[in-house]
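Note that the UniProt record's numbering numbers the sequence shown so that position 241 is 241, with each residue one more than the last.
If you're looking for bench data, these hints aren't it; they were derived computationally from the structure.
Check the hints yourself; a few may be wrong.
[What the hints assert, rightly or not] Below are the EDC-like pairs computed for lysine to aspartate or glutamate, each with C-alpha atoms no more than 20 Å apart in a straight line:
| # | residue 1 | residue 2 |
| --- | --- | --- |
| 1 | K150 | E191 |
| 2 | K74 | D96 |
| 3 | K180 | D105 |
| 4 | K154 | D112 |
| 5 | K129 | E101 |
| 6 | K181 | E191 |
| 7 | K180 | D219 |
| 8 | K156 | E144 |
| 9 | K74 | D92 |
| 10 | K154 | E191 |
| 11 | K176 | E255 |
| 12 | K129 | D277 |
| 13 | K129 | E144 |
| 14 | K223 | D266 |
| 15 | K156 | D266 |
| 16 | K223 | D265 |
| 17 | K181 | D211 |
| 18 | K154 | D215 |
| 19 | K129 | D265 |
| 20 | K156 | E179 |
| 21 | K181 | E255 |
| 22 | K181 | E298 |
Computed from a predicted structure; not experimentally measured.
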Amino acid sequence: MSKPTEKESAEVVETPKEPQEDQTTAAPAAPASSAAPAAETGDSQSQELSEGVQEPKENHIEESNGEQLREVEKDEFQEQRDLEMDCASLRDAVRDFQQLEVQWDAFLQRLDDELQLSAKILDGDHQSKRVSPETSLINARTGETVTFEKYLGKGKKILLVLIRQFSCLLCRLHLKDLEKKQSSLDAHSVEVVVVSFGCQEGASHWLQDTDCQYDMLLDPDRKIYAAFGLGASLKKVLNFRNMLLYAEYVADNMEFPRGLPSIQDDMFQLGGDFVLDEHGRVLFSHCCQSPIDRPSVEDILSAQ
């Protein structure tokens, strides 16, 4: 076999270098061009993945807030509806209550008419202009018969307080109020005299029970009551408004006076307050239209 020439040896040796150089020059480009997109793709995928994880959380919060808002609106709507229903029920109850008042008072008025009770409503002036000095009455403490002349001609005014019955709570409260204002009454030279149509036994019990210091006169024939037009009335005593007031007294644990079982009283009799001058002329009159209807001390003292 013949040896290769130098030229042929060189070709043999150089031939494998071409692909090596190509691989050497091409190899760095391939990783460089693919590495950047890979990094970008990785970042993008990470961001998308991160956003994909956060998005359901935000949606969940929004949905939760929306549900809470709907629940609040639902509760507010229900409360408003309940309030409207309560108001409607209250209006119905008030209307029924007012209707009951009308019916009750009308019933009492029919009883007054059928029983022909003598209650009178005096508009303006009173019937009596003067109390006669000869009017005979009974001293409740001694039982002696006296005339009204005993209280006249002393330079004083006389306040006649005609009570309803011995067990009338509001009559007692009125007299207690007068006692508290006694200094004002004295300053205006006003002497208080209590008048009742009851018997002496009932009067003695009343005086002891109330510890009243005023003079008390008995008018068993109700002459003074009639002179001032004070009669009796179921409606004026037991009307609906008065019954509500009595209920308030009971709720406040206020004790009502108890009459003697042996005493026959008249709970439907009306009372009044009348101021007379020293000659018996009437200066001021107040005919009570109900048990709670009494004049103030200021009104009484304004009498001229």
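**Prompt:** Checking against the hints above, which ones are violated?
**Reply:** 2, 3, 4, 5, 7, 8, 9, 13, 15, 19 and 21
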